[in-house]
Amino acid sequence: MSLTRRTLLTTAAALPAVARAQSAPVLKIGCLTDMSGPYKDLAGPGAVAALNLALEEYGVSGKGMKVEVLSADHLNKPDVGATVARQWFDRDGVDVIVEVANSGVALAVAGIAKEKNKVYLNTGAATSDLTGSACNANTIHWVYDTYMLAKSTGGAMVKTGGDSWFFITADYAFGKALQRDTTDFVTGAGGKVMGSVAYPFPGTSDFSSYLIQAQASGAKVLGMANAGADTINTIKQAKEFGIKMRLAGLLLFLTDIHSLGLDVAQGIVLTDSFYWDMNDRARAFSNRFSPKAGGARPTMVQAGVYSSILHYLKAASAMGVDKVKLDGAATIAQMKKMPTDDDCFGPGSIRADGRKLHPAYLWEVKKPSESKGPWDYYKALATTPADQAFRPLDKGGCPIVKS
Amino acid sequence: MMMIFGIPAPLLFGQLLLGLINGAFYAMLSLGLAVIFGMLNIINFAHGALFMMGAFVAWILLDQLGIGYFPSLILAPLIVGAFGVILERTIISRLYKLDHLYGLLLTFGLSLVIEGLFRNAYGSSGLPYRIPDILQGATNLGFMYMPIYRGWVVVAALVVCLSTWAIIEKTSLGATLRAATENAPLVQAFGVNVPRLITLTYGAGVALAAFAGVLAAPIYSVNPNMGTNFINTVFAVVVIGGMGSILGSIVTGFGLGVIEGLTKVFYPQASATVVFVVMVIILLARPRGLFGKAA
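Chains as they are written, first to last, in the numbering used here: chain A, 1 to 403; chain B, 1001 to 1295.
Since the hints were made in silico from the structure, they are not lab data. Here the structure is a predicted model, which means the values were calculated and not measured. Hints may contain errors.
Stated by the list, open to error - Derived CB-CB ranges, DEER-like:
{"no.": "1", "chain 1": "A", "residue 1": "Pro-392", "chain 2": "B", "residue 2": "Leu-1112", "range": "42 to 50 angstroms"}
{"no.": "2", "chain 1": "A", "residue 1": "Asp-341", "chain 2": "B", "residue 2": "Leu-1016", "range": "53 to 61 angstroms"}
{"no.": "3", "chain 1": "B", "residue 1": "Ile-1167", "chain 2": "A", "residue 2": "Gly-161", "range": "55 to 63 angstroms"}
To be verified - Covered stretches of chain A (in silico footprint by chain B; criterion: 3 or more residues with CB under 8 angstroms from a CB of chain B, positions within the stretch not fixed):
{"no.": "4", "region": "209–219"}
{"no.": "5", "region": "230–237"}
{"no.": "6", "region": "247–258"}
{"no.": "7", "region": "317–329"}
Even for Gly, the Cβ is constructed at its ideal location relative to N, Cα and C.
With the sequences and hints as input, model every part of the structure.
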């Protein structure tokens, strides 16, 4: 490029800005999520709202921190998500990626965060491989995972007589991990799996064929190893076809129940690590969140974004923003050292393999007569304490734990 | 128990029936596409979005005005059809002189905009729509439990498809339409208002999509993405049937529904791709599609 007067002028104009940026480094947080697909309502814009709430309540400007927020849609495609993550890290100088609902995309982003030595806080994806075979020193898995769901929901089903299962599984990383982990619990407790179907994801809306196959297998429990709009369609159609099996919603979010309506959803048993009405602190958070999310109550994924970013900011204050920007793994190490505490999940901690620990709750969906109004959907059945809710540290095969 | 290819016979019959039900949706959607392509030479990519609008209009009519399912079955196609007429008059009609590709791009863009607007307004989890009381319940066919509503869908789809075919092939209105596609200036010389005919044809094709949308509302969740799930398959149906062939799209719609249903038993992972495998085979053997006329 030849040097013209114009480039010289623009370069000169840019110089003071660069100098300013060096004096007060800007933390860049990227929220990569599903903005348009089946997981939009349980994460999506609500996740960005939760992120902004965390920044506001931590008082970043009052503490002299400069923070910039970016958001993007991964379209549930690992290649799209990976491209955005690379652009954010390489071109836009993003320091931390949060959320990523979709296990396939999440595994891709985890690898890139490690390669670039950045921070990745996963709240929406389920696969327990993020703290198992695919774990790394740059990733924290915040809210829940397939092992937790399988142990809590699967275990409760087998205990109450549901000892033969048929799975309807979304054919990608998440569905497969969920089916694998649940199968372990079912067979471990003496039950058996009578069969399964893996259907193409995304793009399937008719589950009737799979439901008929499930019915024909003679199994007592229908394990739905899928999420979001897919689970909603499965449940609706199971009712339509008079499927007599017990439905195990292995992963159901508050927004799914909202969409189904209590008429259809009543009696379903599910596991969530956060429910907006579970205690005073959760209610307080929820009341601050709702006005920013069009009146909707937060899902556990959105609560996780708030909780994880709050903890990240605490670590950034403790280390200094300069060091946080320089070394993602060191930031994660700092976050693991500090105990966590926030309105959503209460006191907790982060394990060496990147697993955030807190209790898992088993819920039952209320009957329409028991509900006081919109969003009043769950009643508590059981609690698994934080130290038992997740896969034991030595069982995951996480390489950074061995070393 | 009788077995066919290692699958219990009752299960197989059940799958055939379910395939026929899905085929009913394919047939109705591809019929609208075929009518629009045959008359307007526009590849209407917005068809899925208009199908989704049909379902949403039915939901809004029920939620806001308390208008039930059966009135919606008439009203929603009329409302969405009117919307289609406005689209055609204001935007699409400007592209008739250009290559197919422009129409395809324009309608694809329109579908993204429409779906995006609905997603912003209503989210992506979907909204519940109850099956009307009179069609609630199910009957036991011996080999499977058949929801009455699904049976109704097949009947309604067949009636609509056959009447559309009859109107186009057997009435004088249909004859004028077909003549206008062959040679518009000549038909105009006979005093027929061809642009208006074309506008109304587009409106009718769109109304068919909306009708299918209302039928789909109680089965699937009323969801901004519900059209996208169908539209790729439906395009394959139109291509396999022969672009613009009315009868071709009806027969192929039901046929592919059945093939897809069977794939869901033998190898579920491929159920989304099997339609395109069939398309490749058909196009290799008959490049104009099963019912396409030679140029």
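Now for the hints, and whether the structure bears them out:
| no. | hint | result |
| --- | --- | --- |
| 1 | A/Pro-392 / B/Leu-1112: 42 to 50 angstroms | 47 angstroms, holds |
| 2 | A/Asp-341 / B/Leu-1016: 53 to 61 angstroms | 58 angstroms, holds |
| 3 | B/Ile-1167 / A/Gly-161: 55 to 63 angstroms | 57 angstroms, holds |
| 4 | 209–219 | holds (count 6) |
| 5 | 230–237 | holds (count 4) |
| 6 | 247–258 | holds (count 3) |
| 7 | 317–329 | violated (count 0) |
Hint check: a violation occurs at hint 7 only; the rest are consistent with the structure.
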